[in-house]
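As given, the protein sequences belong to chains C and F, one line each in that order.
Per my numbering, residue 3 is the first one in the first sequence, and the count goes up by one each step.
Per my numbering, residue 3 is the first one in the second sequence, and the count goes up by one each step.
For the record, the hints were derived by calculation from the structure and aren't laboratory data.
Treat the hints with care, as some may be off.
Now the in silico label distances, taken between C-beta atoms and shown as ranges [said to hold, decoys possible]:
1) K54/C x S100/F: 35 to 45 Å
2) P105/C x N53/F: 23 to 33 Å
3) R83/C x F76/F: 28 to 38 Å
Predicted model only: the values in this text are computed from it and were never measured.
Virtual Cβ for every residue (Gly too), placed ideally from N, Cα, C.
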Amino acid sequence: DAKTTQPPSMDCAEGRAANLPCNHSTISGNEYVYWYRQIHSQGPQYIIHGLKNNETNEMASLIITEDRKSSTLILPHATLRDTAVYYCIVRVGNYGQNFVFGPGTRLSVLP
Amino acid sequence: DAGVIQSPRHEVTEMGQEVTLRCKPISGHNSLFWYRQTMMRGLELLIYFNNNVPIDDSGMPEDRFSAKMPNASFSTLKIQPSEPRDSAVYFCASSSPSSTEAFFGQGTRLTVV
Chain C
3 DAKTTQPPSM
13 DCAEGRAANL
23 PCNHSTISGN
33 EYVYWYRQIH
43 SQGPQYIIHG
53 LKNNETNEMA
63 SLIITEDRKS
73 STLILPHATL
83 RDTAVYYCIV
93 RVGNYGQNFV
103 FGPGTRLSVL
113 P
Chain F
3 DAGVIQSPRH
13 EVTEMGQEVT
23 LRCKPISGHN
33 SLFWYRQTMM
43 RGLELLIYFN
53 NNVPIDDSGM
63 PEDRFSAKMP
73 NASFSTLKIQ
83 PSEPRDSAVY
93 FCASSSPSST
103 EAFFGQGTRL
113 TVV
């Protein structure tokens, strides 16, 4: 079973920041938070992951609360191409461990 | 690198026929995952391999499904006999010891009529 809770859908205006929340209140000390997205008909695409520090890459920023029970994925300037289903996953950070996907958040970026 | 390569991209078959889906992971990756996606159940893990050895096949629906990884560069998922309820998109993913994220292929859309 997925260990995360996400809103089923969100809207965001093009050019604005998209902030996608995720609750993971039962996260263990050795579990990382991963974010993936799936654009229609394509395979899931890795976005970012983190343990307890905030992370940033060319795609997004990940903000993890101090108690690690929740996190927020931030797309700083959303475009129409960011319309997708976004999945938040908690997982032990060892290679070879599987990823359990929940229903995710369907983000619609509106013109 | 071309990424994870799956074939065929689309497959239409008749109920009762054998179906084989193929996956070529990214070179150097040691873990391989097979997922199935439907509207009703979302993305479900079927099986995953580490170093060509099946680690967890608890997601395989029933004996009609089987998966093999004869070497580090190739895996198959076979359904025999196929049924209409097997219609779904099947994804393969791989990951390496040096990075913990998994990379997905473009999927195979299977339709069983």
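Against the structure, the hints:
Distance hint check for K54/C and S100/F: the Cβ-Cβ separation is about 21 Å, which falls outside the suggested range of 35 to 45 Å. For P105/C and N53/F, the Cβ-Cβ distance of about 32 Å falls inside the hinted range of 23 to 33 Å, so the restraint holds. The hint said 28 to 38 Å for the Cβ distance between R83/C and F76/F, and at roughly 33 Å that hint holds.
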